[in-house]
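Number of protein chains: 2
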Amino acid sequence: MKTKKLIVCGAGNVGRSFLRLVADRAAAIRAKHGLNIEVGCVVDVGGAAHAGDGGLPLPAFLDFLTAGGRPEDFPGYGQKGLTGVAAIENYSFDALVETTPTNLKTGEPAYSFVTAAIAKGMDVVSANKGPFVLHFAELNKLAAASRSRLFISAATGAALPTLDIGKFSTVGADITAIEGILNGTTNFILTKMYFEKTSYADALKEAQAMGIAETDPTLDVEGYDTRNKIILVANTLFKTSFGIDDVPVTGITKITYDDIDRAAKNGTVLKLVATAELAGGKVTLSVGPKALDKNHPLATINYSEKGITYTTDTMGQITVLGGKSSPVGAAAALLKDVIHTHIFSV
Amino acid sequence: MKTKKLIVCGAGNVGRSFLRLVADRAAAIRAKHGLNIEVGCVVDVGGAAHAGDGGLPLPAFLDFLTAGGRPEDFPGYGQKGLTGVAAIENYSFDALVETTPTNLKTGEPAYSFVTAAIAKGMDVVSANKGPFVLHFAELNKLAAASRSRLFISAATGAALPTLDIGKFSTVGADITAIEGILNGTTNFILTKMYFEKTSYADALKEAQAMGIAETDPTLDVEGYDTRNKIILVANTLFKTSFGIDDVPVTGITKITYDDIDRAAKNGTVLKLVATAELAGGKVTLSVGPKALDKNHPLATINYSEKGITYTTDTMGQITVLGGKSSPVGAAAALLKDVIHTHIFSV
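These protein sequence lines are chains A and B, in that order.
Numbering-wise (my numbering), the first sequence opens with residue 323 and increments by one.
Numbering-wise (my numbering), the second sequence opens with residue 323 and increments by one.
No lab work stands behind these hints, which were simulated from the structure alone.
Wrong hints could be hidden among the right ones.
[What the hints assert, rightly or not] A few chain A positions that, by computed beta-carbon distances, are all more than 10 Å from chain B:
1) Val407
2) Val571
3) Lys587
[What the hints assert, rightly or not] Selected chain B positions facing chain A (Cβ under 8 Å, derived; list incomplete):
4) Ile351
5) Ser491
6) Ala495
Built from N, CA and C at the ideal position, the CB exists for glycine as well.
Whole structure, please, built from the sequences with the hints as guidance.
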């Protein structure tokens with residue numbers, strides 16, 4: 323039985339969902355995978371709950387959080403002011419599970435946690451895009467030097483195995499193109515407009531009313547979230563170093579029902595598509611509305627579903643779609659990656 | 323750099339395609355994965371070509387085969403009468419790559435090769451369904467006892483990563499149901515009938531003319547190939563021991579255009595669907611025509627495409643579709659699994 327001792331940074335929705343999954347499934351994972359998952363530390367803004375050997379008593383800790391308690395106040399374990407960096411530097415863990423909110427300006431606080439974890443040779447499992455979108459090449463270089471491994475499934479589409487197909491299922495084949503519908507909010511709006519002949523403004527309003535779109539929908543509707551995900555996917559698979567300024571992005575805010583109708587009359591469907599293409603040894607990324615042929619495997623991905631198509635030389639086209647994008651879906655992707663730290667030898 | 327020395331059984335279309343991929347990609351795989359793939363022996367019906375250290379000179383060997391030569395006559399390496407079992411017993415390899423024709427009565431000759439390889443603690447990578455459909459539980463028990471690992475991606479849908487989603491991408495989640503369109507021939511026929519309002523007989527004739535269906539289409543149209551694949555998928559993922567007599571199967575030979583039209587009028591699409599369901603701790607398998615809701619992720623998989631949908635508790639539904647099903651596609655799946663023997667630690 324191998325033990326992986328984790329430090330979890332962030333005790334918000336995704337972090338708590340992850341802890342709940344570990345609490346519920348640890349015994350099953352021990353039996354099935356010979357892997358004992360231990361949560362040694364949970365860090366949030368005011369401090370941390372830290373355990374010695376054996377890990378935190380998760381059910382009691384989760385009850386404490388649910389009742390409004392803060393990690394740093396958890397009796398017997400709480401340490402006020404203990405930061406993620408200090409915990410990583412002073413204690414010993416096998417992997418960091420990063421669930422703090424994404425910050426696309428500085429990547430912080432996650433960037434500091436991730437670099438501290440890499441410096442100690444830990445594996446990093448992250449639902450947070452920030453550090454990787456902003457510092458992909460640097461973090462990969464640091465990780466290679468200290469034999470850390472970076473797992474970012476949860477940051478690239480939650481439960482949709484966006485990256486797995488490229489990393490594992492097409493290994494040995496050459497990927498020549500990647501196309502993705504990587505943002506559920508924009509796909510919901512475009513689908514709504516298509517099927518119900520509504521305007522962009524009405525579709526957005528409905529998405530907001532349903533909680534699918536944020537009050538400030540900029541990140542989604544301007545295509546930035548889609549861009550961030552294709553940067554992570556392309557940089558991982560093509561070993562490129564695209565940053566946020568290297569990708570031409572067009573959002574969907576100027577799409578009218580007429581555009582959608584015109585596309586339909588040409589036998590196509592208008593979708594917000596992220597593309598990564600390899601041609602002549604050069605990788606090009608772009609994000610924008612694209613009229614997909616009705617037979618394109620992404621053309622029938624509707625409402626808030628996401629999907630990604632890999633075009634390869636020897637395996638043809640492979641498309642994966644679906645996957646829960648709730649906090650539980652993201653937590654499930656984190657748990658998957660934690661198990662991957664165990665089942666992958668490289 | 324780690325070396326994996328292979329014995330390849332079968333030098334037909336799939337075997338040769340695999341050797342060609344190894345010849346073309348060995349250097350790239352060394353650079354990318356730190357894995358040196360060496361083909362130590364290629365066995366066919368009359369004997370084998372066997373190399374000492376360093377492996378067979380693949381480009382010259384492939385030229386020799388293309389010119390009509392037999393492995394046992396390959397100058398400097400050929401051994402008349404050397405069987406797969408004798409080669410496995412007398413020489414040393416890391417993995418068996420099984421590409422002989424599937425035999426669903428006895429599983430031979432592959433069954434003997436696979437058991438010999440397991441007895442020596444080798445990994446087994448197989449495009450051949452026979453031994454696994456007929457002797458799944460026994461082979462898994464033997465493999466567990468001798469620390470062999472069984473990789474059967476190529477036997478469960480060629481380049482479509484049918485099994486990968488269940489094994490890797492949903493790991494940590496509980497799979498509650500699997501539904502698949504796992505046979506391209508029958509899906510081609512049903513799609514043809516649906517879109518072109520043709521009879522079953524006419525659609526079958528066209529599939530045969532196009533080389534999509536065999537002269538004797540029984541294995542496909544009676545649902546047996548679909549059954550064999552769902553047996554392999556379910557037994558792998560649910561640790562069950564279903565055999566070919568344990569699965570109720572209905573083929574598509576009695577489907578009329580009227581059936582398809584009636585389904586369409588109810589907002590559904592008639593597909594040949596393999597189902598594995600877990601309920602109350604019990605797994606049930608079945609294969610038969612099923613009217614899928616038009617929004618079901620498998621409903622838009624048309625013509626000779628295949629796909630599989632996993633329903634899970636924490637990740638929602640995940641569907642993968644596509645993948646070349648040619649000999650090259652199967653060979654690419656074999657190459658993927660050979661690389662998986664290297665990148666997976668369990």
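Going down the list of hints, with the structure as the test:
no., hint, in the structure
1, Val407, "holds, 28 Å"
2, Val571, "holds, 27 Å"
3, Lys587, "holds, 20 Å"
4, Ile351, "holds, 7 Å"
5, Ser491, "holds, 4 Å"
6, Ala495, "holds, 5 Å"
Checked against the numbered hints above, the structure violates none of them.
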